[in-house]
Structure formats: C-alpha cells, structure tokens
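Fit chains B, C and D to the known structure of chain A by using the hints.
Going down the list, the sequences are from chains A, B, C and D.
Take the first sequence: its letter number 163 is residue 163 in full-length UniProt numbering, and every next letter is one higher.
Take the second sequence: its letter number 61 is residue 61 in full-length UniProt numbering, and every next letter is one higher.
Take the third sequence: its letter number 149 is residue 149 in full-length UniProt numbering, and every next letter is one higher.
Take the fourth sequence: its letter number 144 is residue 144 in full-length UniProt numbering, and every next letter is one higher.
Possibly wrong hints are sitting among the right ones.
Any copy will do: because identical chains look the same in the list, a pair fits if it lies in one copy or spans two.
[To be verified] Result set (DSSO-like, lysine-lysine): computed pairs, CA atoms no more than 27 Å apart in a straight line:
1) 176 / 141
2) 91 / 141
3) 147 / 91
4) 147 / 176
5) 91 / 176
If you are wondering where the hints come from, they were derived from the structure by calculation, not from laboratory data.
Protein chains: 4
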Amino acid sequence: MSDPIAIAATADGLQPTLDLDHLVQASQQLIEAGRALDAAGQVPATGGNFSCRLSDRLMAVTASGCHKGRLTSGDILVSDFAVRLLGTSRKASDEARLHGQLYEDLPQAQAILHTHSRAATVLSLCHEGDTLNLEGFELNKALEGIKSHETPVRLAVFDNTQDIDALALDVRARLKADAGLHGYLIRGHGLYTWASSMTACRRHVEALDFLMGCELELRRQR
Amino acid sequence: MSDPIAIAATADGLQPTLDLDHLVQASQQLIEAGRALDAAGQVPATGGNFSCRLSDRLMAVTASGCHKGRLTSGDILVSDFAVRLLGTSRKASDEARLHGQLYEDLPQAQAILHTHSRAATVLSLCHEGDTLNLEGFELNKALEGIKSHETPVRLAVFDNTQDIDALALDVRARLKADAGLHGYLIRGHGLYTWASSMTACRRHVEALDFLMGCELELRRQR
Amino acid sequence: MSDPIAIAATADGLQPTLDLDHLVQASQQLIEAGRALDAAGQVPATGGNFSCRLSDRLMAVTASGCHKGRLTSGDILVSDFAVRLLGTSRKASDEARLHGQLYEDLPQAQAILHTHSRAATVLSLCHEGDTLNLEGFELNKALEGIKSHETPVRLAVFDNTQDIDALALDVRARLKADAGLHGYLIRGHGLYTWASSMTACRRHVEALDFLMGCELELRRQR
Amino acid sequence: MSDPIAIAATADGLQPTLDLDHLVQASQQLIEAGRALDAAGQVPATGGNFSCRLSDRLMAVTASGCHKGRLTSGDILVSDFAVRLLGTSRKASDEARLHGQLYEDLPQAQAILHTHSRAATVLSLCHEGDTLNLEGFELNKALEGIKSHETPVRLAVFDNTQDIDALALDVRARLKADAGLHGYLIRGHGLYTWASSMTACRRHVEALDFLMGCELELRRQR
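If we strip away everything but chain A, and leave its shape as in the complex, we get (with noise of 0.2 Å):
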C-alpha cells in the first residue's frame, strides 16, 4: 500500500492529509466487496471498479486491469478526484474520474461501486432514452432515501465512451438537473451507484441489480 508519509503535494501546493486507519479499513472494505461482487457474477474479466472516500479531496480506488474477485491491498491506490495518485507507480483505473468527479458533487457519497452485471449490461443497451424507471417494486426501497414501493428508482442513462473526461461532465450536468438519482447506467458497460456508506452501497448494487434483473424478465413475459 502506498506510504502515507511519502505522498506528494497536490496542485494547489497544500499536503492532503490522509488518515492512515481509515485507508486501511477502505482497502479492506474493497477487498470484500469485490470478493462479493465477483461471486455474484458482477466483476467478470477486469470489470468494474471501485472506491472510498477518504476526505475532502482524497479517495482510495482500485488499481487499473486487476480481477477485482482477487484484489489485495496492493491494489488499492490513493488518488485526489482529479485522478493524480499519490506515492504509487501504478494506474488508477480508467474510469477513476467517474469516481472523482461523483465525490466532488456529490458531499454526501462515502463509497461508489462500478460493476458489469448481464443485467445492467443488457437492459441499458435494450432501452431507449436517458433514464431508467424501476417502478412498482417493494425492494426499491433498499435504495436510500426511498420509502415506499411507490417512489421509483431513477438511474440516468448514458452512451458509452472512451472519453471518460466528456463524460464525467455529462454526468456532472445530469446531477445538477435532477438531484433524485441512485445512480447511473453506461450503455452496454454496467451500473454506478454511490452511498453513504460501504454497507449502504453494497446495499444498492444487490437490490439495483435485482430490480434490474426482474425488469428484464418482466420485459420478456410482457
């Protein structure tokens, strides 16, 4: 894991501070959830990555092309949300700055989990326009801040890009329209969703993943 004591001063000349302890418990809150996540079929090959926020400017994300079923420590990296890593050689995943940018906008996000689920894979490729309604489902309440079956999970939907700089601003501006989402879909790519926790995150991506599973196999019976 990268020397807390070695870490360089970011642009603006002032030292982040990083709390050692809690890049530990981040670094094993990533470990587990991608033993999890890959058990449920949701990491296959090098998909997907993953995050904590560690301050105000810092997060703990996952290192870029490892099998995120058989993280170790050493794959966890410290980075500021503009995606400049402190005290590694590695690389951050591709995608670091979708994880930036949400904990920039988003004060409340403490954990962001990317996964590559068959459903978010198929069912953002299947429907058409720029959100996804899951409605009518009891488990929509597992999503925080919902809390009837009435109210509907909202996930914003996007094409898929390598510009992933282009698409953290279309992100950035779909945030600031509508302020319900749970999270966002890349077409054909997979799911991120945020929390304010790791548990509460986890929380999302099984019940998200779920729903989506039981809107496509509504889909077919319609």
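Leaving out everything else, chains B, C and D in the frame of chain A:
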C-alpha cells in the same frame, strides 16, 4: 437477546410466559434459515423477514433493516402478535404484524418465512387475479397436506401497500374465506408461507420458489 | 445402517447375500451424489431419489421424505427389487419400485438417479409426444454408448401418476420396445437415468440437465 | 506425470527439450483453470479440454475422458503438436490436434481453453453464418488487443464434426484469411480461445461467456 425476566406484561395484564430454551432454538433456526435463503438469492439487500411461534401469544421475529444472510441472535426480537416488543429498544420489521396476524388465525403455524425471490416478484406482477394456482407439478407434494400432483398449490395474491395493518386485515379475510391456501404473494414484493415447523416452512419456500420459476418459464415457452 | 445379519429371507425363501463393504461404498456414493445434485439445484425440497445395485436382487435406495442434499447413512435402505425392505422400520421412497423395475430389466444398470431439475420439469410439460430427442449437441457423447453428436439422446416421456406400479409396467413395456433409451422423463416431475456405475450416472445427469437447458433456450430463441 | 528423461524422439529425429519446471507450472495452471471453469458451469460432464504451450514443438494437454473440475497432475499429458504423446500410455483428448494446430499457426498463443458453456452451445446453434460479431460491449476490452467497445469481438463459427483433422485444416484456413479472430465456436459444441498467457486466456473465457450470455438475452428481448 432480550432478557426473559425483563419482559413486560401485555395489554390484558397477563404476564406472557417465555421458555428460554425455545427462544434459543428459534433464534438458531431463524439465523440458519437466513443464511440458506441468502445463498439461494431469495433475500436480496435487506429484503425478507422471518419468525417462529414461541407460545399462544409470543413470537420471535427478525429486526428491521438487517441483512437476512448475516443475522445474529441480537437481531431476533421477542414480540406479542400485536407487535409490542418485549425487552428491547430495537424496531421489528415493518411487516411483523403480518406474522402476528397469521399466528392468531392459524393455530397450526409454527414458523413463517417471507422472501423476495425474483420469481415471486415477477410472477406476482405478471399474474392477474387474486389467486395463483400452481398445477400439475410433482413438487406440489412438498407442501403440507398435498398428496398428489393433481392437487394445485394455491397462493392468494394481494396488491402491495405500505399500510401493513390494512393488509393484515385483507389476509385475515382471505384466510377465512379460503382455508386451503399455502401462502400468499404481494405484488412486486414477495412470498409469505407458513408451516407446522421451521423445517417444513423452509421446504415450502424451496418448493414454491422452484414452482414459480417453472411457471414463469412455462409462460415464456407457451 | 441396517444390520446385514438381520436381513430377512425374501418371498422365494432364499437368503439374499449382502456384501457389507459394497453397501458402505454404495451409501457413500449416494450421500455424495445427493450433496452434488442439491448444490446444482436438481433436488429441491425433498425431491429426487437415488439407488445403487447391490446384487442381482438387492439395491440400496434412499428413504422417503428426506432432503437429498443432507443424506446420512441412516437414510440409505436395503431393499429387494419388489421394495421389500430388509432390517429397517423406515419407509423407502414412494418411487423405489421404479428403481427395482429398472434393475430387473437392465442387467447393466448399477446406479439410478432421479432428479427434479427445473429444465426437466418444464421441458417435460412443454414437449408433446412420448419421446424427446436431443439432437446435434457434442455433449450427447457424455451418454454411455454415444460416440458422435449425430446420434440423438433419446428419453421416453410419460405422463405423471401417483400409481407407481402402473408406471413401472409402462416403463417396462417402453424399454422392451426401445432398447436405445438413455432415461425417461415424467411430466412435471423429473428425470430417471441409469448407467454402469455411479460415476457414469452422475455424468449422465450433469449432461442431460445441460442438454435440456440448452433445448429450452433454443426453443425460446426460435 | 510423464518422466522428462523418458520422452521419445519425435518423427524428425530431434529430441524435444522439456523444461520440467515449466511443465509443473503448466500442470498447476491447467488444474486450477479446470476447477474455476467447472464452478462456472462451463465444462459439464467430461466436456472441454485445455492446454499450455511448453516450447515451439510441445504442449501440455488434458487427457481424454476426465472431468475437468477434478483434474490431477496425472491427467496432464505432454504431446507434440501432431499429438504424438511422450512418456505416457494414456490417450489425449480427441480434440488435442485442434490445440496443436493453433500453436503451430499462432506463435503468440501460450494457452488454449476449450469450454462447453450453455451460452456457447445455444448461440452457435442459433447463429447463421460463419462469423459471430459481438458488438458494443465495454467488456470487449477484456480481449487482448481491443482498446474500445467500438471494436467488435469476432469469433469464427464452424459446423460440428467428429473429423478433427479436417476441422483443424478449416481452422487453419480461416486464421490465414482473418488474423483478427479472438476464438471460434463449433456449433452445438463450444468455444476455443487462446491468449498470450493462461491468465489472459481465462479472462478471455470469462469475458466471452458473459458476452455470449448478453447477446442471447438481447436477442430474446428484441
């Protein structure tokens, strides 16, 4: 676990009796049922709730908001059937009254399991009418009282609501009108089933989920 | 396990011989098969039953009503092919006579597995006619005696009934008319297959469930 | 395992060199790949076969007829690319020549995995034409050499045959005509894919099975 000495008198002034060994056994059964149902994908996120009858006025029931695959004895609460909790400051599941009502109306019911499987969620939303008959399956015989595949398994179907007291009254009315039900579905929500023991109730859940999965697949094929 | 010394004479007055080592080995094979088939979702609730041939007149067969994923040696009963049990007060599976009939008619059969998979249940209900041919799959070669994907796997299909003696006679007649069958389906119920060893029989079940799952998916796609 | 000292000269009279450490490592990789692919349901019954390149004329390849989820080092055979086995009396997989041909034609290939997943079996039977393009999925990037979801994954599709030598010639011709293939499907049979390491090859299998599952689901939805 709640202290059996500390339990308060109920509204009618009678001190309910509580057999501690029975409570310990019930807790273990509920914890094990949760682990098995989580492994089977039937209690995603914090979905589902479970109970055992302790006496003619008390039940052991799962606490609100915990993951059913990772229950501990502290998550098992003692309550009367009107959901007045004994010796705890925690909150029972929002739906605990549905358990209490079933124990009031079905003296033979010793265990109740409520699950959120994908098959139950989808089939309850696809199916019109207030009763679902599962017909022609050998596995019907896994339900208590059924001796032949020619006897249908019958589940009542209710629309979902957050008004649990009203739903409990609807269930009561249906059970009075139709003594042959083996459980009920709440649309977009899940399954309730009961049996004369926890072993039999787990067998009911396993069989009903299998049967509903077969029914969905048959509807796709037809 | 039943005491080999205590076994009674059969109806024809001959004392059947029982090799205790053979019985212990058969018990272990049946227990292990149950665990594997339960993990694969093929014996939900108390569905399924299994047997091994012990001699030219005896078989080891699973007891009635037990969960096949959690068998113990006490659940393995010794019976002749007419289902007269030896040295036990327990009841054999209702369908034990179907095993006995197969051992009578198929001298090469050393093991029989009856499973309740979702694919077997659904496909047997969708399929019209009294024979199911599975054609064009490389995995056909996993069945004993098949050397090419061009040889179909052939399963007889019977309507379900609770009259097991009558069903045993129907199976006998079909086997006489058609020596090339690899097993049979009972509609809405499940699969019977046999082989020259338990290892081969488990391979048959694994292959047949895979093939029936492929067949269902192909019918959905067409 | 075959004794490296005992290996015979090949037809051209040259003694192939065999690095024992390399062979031990290859055996371990093949055994582990089998366990993982069995757990993922991709090698039912005795389906599938695997290999690692050992040199410019030798490969380690799985023996015929064994269950790929329970391989031992004795099931890993050393062979030249024409399937002349060295130091063993066992038989290689019927399809070992398909591995040898790929190592002859693709110098960068260090590992080859052949699997029998349900998605590969069904999709190869549904799909008309001799090439399957998987398009628009982010997970395409899990395949070696693909940097964007806009690059399709391309698999050749061949009709099944028991004439393996003829099939090897067909594969050779297709690879010469189309250097961009990531693997091939045999109809009703399964997938072959190769990569520059076993780790990469397992990633290919995991990604391709996911992508084919998504493709089947998309075709159902459309």
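Index of numbered hints that the structure contradicts, given in increasing order: Going through the list in order, the structure violates hint 5 alone and respects the others.
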